[in-house]
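Heads up: the protein sequence lines correspond to chains U and H, in order. Its first residue numbered 1, the first sequence is counted upward by one per residue in the working numbering. Its first residue numbered 1001, the second sequence is counted upward by one per residue in the working numbering.
Warning: the hint list may mix true and false statements.
Cross-link-like lysine-lysine pairs, in silico, DSS-like; alpha carbons within 25 Å at most [claimed, not checked]: (1) U:K168 / U:K78; (2) H:K1019 / U:K168; (3) H:K1015 / U:K168; (4) U:K3 / U:K32.
Some chain H residues well away from chain U (every beta-carbon gap over 12 Å; in silico) [unchecked claim]: (5) I1017; (6) I1040; (7) L1053; (8) V1060; (9) E1066; (10) L1079.
What the hints contain is simulated information worked out from the structure, not anything from laboratory work. The structure presented is a predicted model; accordingly, all values stated were derived computationally and were not measured. For every residue, glycine included, the Cβ atom is placed at its ideal position computed from N, Cα and C.
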Amino acid sequence: MGKIITVSSGKGGVGKTTTTANLGLGLAMLGKRVICIDADIGLRNLDVMLGLENRIVYDIVNVIEGRCELKKALVRDKRYPALKLLPAAQTRDKNAISEEDMENLAHQAAEITDYVLIDSPAGIEHGFRYATRPAELVLIVTNPEVSAVRDADRVIGLLEANGRAEAKLIINRMRPEMVRRNEMLDADEVVELLAIDLIGIIPDDQDILAAANRGQPVVLDDRSETGQAFRDITQRLEGADIPFLPLKGPSLLQKIFGR
Amino acid sequence: MNLRDLFRRRSPSGKDIAKQRLLLVLAHDRANISPGMLEILKDEIIAVISKHLEIEPDKVEVNFTEDQRETRLVADIPLRTGGARRRTD
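This is chain U alone, in the form it adopts within the complex:
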């Protein structure tokens, strides 16, 4: 049985889908079989992050409604065929899926893969509930700012109340130069406030946007610090004890000459 992991956040726009895409691809780069499920029905985006948008035939709702076998609906990644995507339905809404549907689907997927990664919709309503229901681990993505940390805390509280899944924290969009100037919460403070285990710190980097534009997640770029941060998380998911990178930010030379 594969491990079922949901990427969630509460607040929208903190980098859930980017994280799911990079971790999915990163795990496939380690030779693991991965199925990424886009659970954001109506707002499909994991396909474009992964650069797989042109190859979609079926979607998650087709599978749940029994019109199509799970295996047939999976879109295989050309770069790393061990990675497969189950796309969200774009023209339906979240009520097309129940918590039980998602539970059954995720377990069915877990039988044929090493990892099932579920990209949760933003919010704490139905979409959040069905996306986190089957998870044994929930990765909570936040940014080092007041509203994102507050929303992450709500999500952690809700998960604790259910008592079902373990939760780990990913701090995205860290800006080392702002931390140095004391203008931004640092990772230790966010961890202290939220009181959960940290599994990754992702620096804020133009690489991410450039990579998203091309549909080539930054984890593929072995020179990128951001890519390295995602690769480190995949190693930690695999149980390796990888120290957190000291975030150095761009050096003076890099600033002058670009990368």
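Given chain U, work out where chain H should sit, using these hints.
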């Protein structure tokens, strides 16, 4: 360090302000009580305690403390000097 940093040093940093604000909202969120409701609760606590003890109502503090993810309501209620002294006769 430039001149701007020198001035900035006198006021709390953006980081410290963010942390203080977060500590407060998280405490209220976790306990599911708004700051206004906490004031009402505080007034009621003062009223109840005052029936039995002479206290300093202006110095009463009712706050949340956080230990990991456990939230506690802590009331600090100073007694009026001599007010609670035990009678010896």
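Worksheet item: Which hint numbers does the structure go against, in order from smallest to largest?
Response: 1, 5 and 9
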